[in-house]
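Engineer: Chain residues, written in single-letter form:
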Amino acid sequence: MRARWHYGTVMMVMLLALTWVMGKEAKPSERDDVRLGAKAPDFALPDSDGIVRRLSEFQGKKMVALAFYPALFQAGG
Amino acid sequence: MAVSFRPPEFNRNLCAKESLNFFVLSDTDRSVLKRYGVYDAENDCARRITFLIDKNGFIRRIVRQVNPAMHGRDLVELVRRWQLGESIYRDLCARCHGADGNATDLYPNTKPLGGIGNRMSDDEIVKATIASGFVHETVLRKDEWQALAVFVSGLPLPAGEKHDARP
Chain A
1 MRARWHYGTV MMVMLLALTW VMGKEAKPSE RDDVRLGAKA PDFALPDSDG
51 IVRRLSEFQG KKMVALAFYP ALFQAGG
Chain B
1 MAVSFRPPEF NRNLCAKESL NFFVLSDTDR SVLKRYGVYD AENDCARRIT
51 FLIDKNGFIR RIVRQVNPAM HGRDLVELVR RWQLGESIYR DLCARCHGAD
101 GNATDLYPNT KPLGGIGNRM SDDEIVKATI ASGFVHETVL RKDEWQALAV
151 FVSGLPLPAG EKHDARP
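Chains as they are written, first to last, in our numbering: chain A, 1 to 77; chain B, 1 to 167.
FYI, nobody ran anything at the bench for these hints, they're computed from the structure. Remember, predicted model here, so these are calculated numbers, not experimental data. Do not take every clue at face value.
[Unchecked claim] In the DSSO-like style, the derived pairs of lysine-lysine whose C-alpha atoms are separated by at most 30 angstroms in a straight line are: (1) A:Lys39 x B:Lys111; (2) B:Lys127 x B:Lys111; (3) A:Lys61 x B:Lys34; (4) B:Lys55 x B:Lys127; (5) B:Lys55 x B:Lys111; (6) B:Lys55 x A:Lys39; (7) A:Lys61 x B:Lys127; (8) B:Lys142 x A:Lys62; (9) A:Lys39 x B:Lys127; (10) B:Lys142 x B:Lys55; (11) A:Lys62 x A:Lys39; (12) B:Lys55 x A:Lys62; (13) B:Lys34 x B:Lys55; (14) B:Lys142 x B:Lys127; (15) A:Lys39 x B:Lys34; (16) A:Lys39 x A:Lys61; (17) A:Lys62 x B:Lys34; (18) B:Lys111 x B:Lys142.
Whole structure, please, built from the sequences with the hints as guidance.
Structural biologist: Right under this line is the structure:
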């Protein structure tokens, strides 16, 4: 197994999942500056318990890994 | 049409094992995906990209080759290397480049390092550092050089260079 301090790594993994939505096409988007070294755009999104999480709430506390991934959709029967 | 996304339990287990805090967030109108430039319009979903963001909110690393099965472990390893790089940077580089990499007045002809990873690969950063002659190649092991590049590549952009929206 890994050395103990690996487990102590202060890191927060957030996964952005797309839930389904019949939403209208959002307006052509203005992309923020997301280059290396840029300030990460703050956001407020609900987690799986419905609690709104902001990127900024971790500032000064932890590193954050913001992991985007394609939603895994399943056709319901 | 009934659509759902996979319950987060699977990922939660992995993260509990790795002692990572973990949230699954919903971006139903895709606005955050778009702001981060990870929206795949063709498939109406997110592209698989991970941003590592430091305590001060700066984007320090962008991982575009994500192996989903390994990602929790890979991230732990990435943070470990980043932290090693941070301590090497502090010991060898900060004296002239400053804590944030953007000092220009601590040593003659020093250029800001902020955002250097946007124009140079890790290998190029290592080569350029060795070529500069300030740190001899043998001072660091290979993995230490790599860790240093991981840390340096995402140093914060110099003030005033923050409004370019290209990645």
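Engineer: Okay, which hints does this one fail, numbers in order?
Structural biologist: 7
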